[in-house]
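Enquirer: The primary structure of each chain is shown beneath.
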Amino acid sequence: MSTLTSLARAQAVATGTAQPVCTRRHVHLSDRPLVLVPLVLAGEANAPLAALVGDDSRTGRLLVVSQPRNRDRRFAFAAELAHIVVSYIEGYYASAQAVPGGRGQDDRIRFADAPQLVVPNPACIAFVRMLGRSTRFRRPSGEYAVDPAVPVLGRWLSYFAERAEHPGSCLLLAATDAVALHWASGQSPVEDLNLAALMGWIDPPAGMTGAQAAAAGEDPVTWPPAGPATDPTFDNEVLAQLIAACDLPDDDARARQRAETALQAALAAQVAPTWRLMWRAVGLLRGIPPGGRVAARWDADKDSFTSYAGYLRDDGPPQPRRDAAVAAALRLNWLERAQASYTAQRAMDDPLVMAEHRLAGEAFAGTVTAAEPGRLDSSGKRRKLRPLITVTTEDSPRIDPGVMLVSPSRPGQQARVISVSAAPVQPESAQAVPPPAAPSPATAVPATAVPAVPVRSRVAVVLELAGGMGRALVPEPGSVPEPGERLCYTTLTDSYQPAGSFPDRAGTPWTHGGPPPEYVPADEDASEAWS
Amino acid sequence: MHDIDARLGRIRGDVPPQAHNARTIAALTSNPGCARRAIMDAAGIDKPRLASYIGFPAPFGQSQFAITRGNAFEAQVKANGCAELLRLLREQLGLPIPEVSYDDLEEVGGHRSQHLRHARTRSLLTRAAGAGGDAGTLFDHPLLRLDVGGRPVYLEPDLIAFRLGGRFHVVEIKSFAVIDGQADGDKVAAAAIQSAVYVLAMRQLLAELGTGPEAVAREVVLVCPENFSNRPVATLLDVRQQLTVLGRQLSRLDRIESLVGLQPPGLTFDLELDQAGVPHRPAAELADDVRTVPARYAPECLASCEMCFFCRDEARGQTAALGRAAADELGAVHSVQMALGLADGTLTPADDQAEAAALLREAARLRRECLGETA
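So the protein lines, in turn, are chains U and D.
My numbering puts the last residue of the first sequence at 1317; the count rises by one with no breaks.
My numbering puts the last residue of the second sequence at 579; the count rises by one with no breaks.
Note that these hints are calculated values from the structure, not bench results.
Keep in mind that this is a model prediction, so the values were computed, not measured.
Worth double-checking, as some hints may not be accurate.
[What the hints assert, rightly or not] For each label pair, taking beta carbons as the anchor points, the in silico distance ranges come out as:
hint : chain 1 : residue 1 : chain 2 : residue 2 : range
1    : U       : Ala1030   : D       : Ala283    : 41 to 49 Å
2    : D       : Glu295    : U       : Thr1047   : 41 to 49 Å
3    : U       : Val1007   : D       : Ala283    : 33 to 41 Å
4    : U       : Ser843    : D       : Asp555    : 49 to 57 Å
5    : U       : Ala1126   : D       : Gln445    : 30 to 38 Å
[Stated by the list, open to error] Anything over 12 Å on all C-beta distances counts as not near chain D; from chain U, calculated:
hint : residue
6    : Val826
7    : Arg855
8    : Glu951
9    : Gly972
10   : Leu1025
11   : Tyr1097
12   : Arg1161
13   : Leu1162
14   : Ser1165
15   : Gly1254
16   : Leu1278
17   : Ser1281
18   : Pro1295
Cβ coordinates follow ideal geometry from the N, Cα and C atoms, glycine included.
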């Protein structure tokens, strides 16, 4: 969140429509995502009530638990869902691709594509995690045996939920997050969690403003909550009677059949509006051209998916209930590096995201006003090609000499800041964008003296370039920016960050409880109550 | 004291005050700067009714499934003289609790009057505190009293207290699940602050008897269902931090007198019914009166305050309605129109807006550059 986003929200209020905060799409969207809209029974710990699931907007399957407190019905639901989800996932085992190994390593094989789950909101991601947790330890044999697909579902859902925490991963997406990443609505982030309201701002029906559509989106009668929680009024006035009616003795099969049909119809009506919204959201996002680095992040998802599929094939045990100390530290370190890389990649892909960093002084864009392409640094033993360029910018970079920068358009070239100085103030030329841009906050003129004749303070940054110019002492043509060229430089970097070093599992220090016991799947895990 | 009581009584009108419970007191800490809420709570206004009447019914409903489950779980833990609870305290927390008796204070000799119940609670707790050792009693539904904004309010009880090692402990039973030792952070936070309200109220009661605050433990026992089952599990929860927060917010509420003094003398939110069973004051008039008391709306109110839809509607066009982050970014720029005017240079910022205005103009320039002239 920055002033840029806040301004976009303000503009959304004034115009009555959501405003873009990205010019590129930063999430990968599968051609065939599996959309899942789950509902749970209020008050219980993740007791599934219904789910609408499918990879085609026309053929969603509705699963209903007619007696959500009944353990057998829950497992029947889990088994049904498992068959749909697991067969969708395993469909991606069909085709593989070879990936060239780097630096003397062999090629490796990974699946050509990966599955993608899309749920309405972050609470539904929590539902996926909890459903994974409550099913992954089950066993297909012995006491409390379940359908063999159930524990497989549990492991996959746990995997997807865990993966959803990785910045930039798109295996499991929450629609509200994905949409709000690209648009600023005229409401708060808290209200953006309501998919119907958020979509109302972005894509209002004809004859309505975004604000009106958002207000309509909050009416639980026309737009039931997108899950997993249901509308309490629906619970009290509709659901309670219908569930009670399903709780009939077996001898009245026809009456029970009728009651179950009525319950299904009521729940279908609760999830159907969200289902349509989900596909609209997917369609909207598909309409934005993807950023250049989205495909590479999806490749990382494919690698991860391939690796977990292999782990499952080798009968790896289910994910532990809690991470051990070393595993948790490793994971956190990994997430931090992934976050830094994701932030940098988004900025490099998208000028409007980069603008946030420009506003914060971590980047600037300007025009090359001077260049010494043939400059040699002869201070060392060998002479090195170190061209100098001067970039003049209207931005207010907060960078110091010595800092290393990189330009999104020239990722292979490093630029070291030699100096940052005020450039001569120039009167605004006639064709430049009106109205006046701000003076830099550091030199802000008194408030009353907003200039009638726009004057911009400019900053000249002298950069020393290294790399990406060939091996000779003369740069290859085009490898050094030429005067007049417009460029952006930033302190953000997407270069490889080494992992932190951590002890192995056996070396867990006593401060962290010492080496954790080896995980052995226990019977009690498999037979845990789910009531 | 008398003046302010009379004044708050006039604001409330000729209807009985709403009782506070730990939830409403805990909610006071979520937006302490809101004068509207402070006055309504101090006067005991029926906020849900008021909000519906003026056309903005509160968005909070409770599903009967949640209520049933909560009640069933509580009943299970308390069944047979709290047998299950005792087992948890002994086995899971290792507390050396002797044979105990169980005292339900929900009614006193068939009476449910708050005054009677509080008096009974007081005398029982006093006796227990004075008994020196552990009296070996679980007190269920003690009715406590807490000073809120300089006025005592009764706390609708939802707890059990017991005495061990010369100190009282509070037990809070909640029906959200603890899964693999972890529970929903928001729910634990809410439970912690509610328990802190009870700890504070018990401390206040004992302080009146000359006993120091250490007589009530700052660790409370939270009892929740374990994993996906109905089996209860007990956890000790340290509410020291919540006690500090609560103490600070309650002391700030003491200025209710000065807050009320700022309001027009005839102010009233009277919801008294006429013969037809509807409030005798027109809704529009009542809404105007509500507007005279300044609110401090933030989107977080949507989760906790019954007046939230009214205040949100009122805050339309304000930067506060865009969320805490936006409001913080824009600082002294309070309205959306002003933010846009400052961004396109048609408005001149006041001194305290200069920094935000400079950023806004810069942001507007960057957005235009990236999106073309349309933005």
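Enquirer: Failing hints, ascending?
Expert: 1, 6, 7, 9, 10
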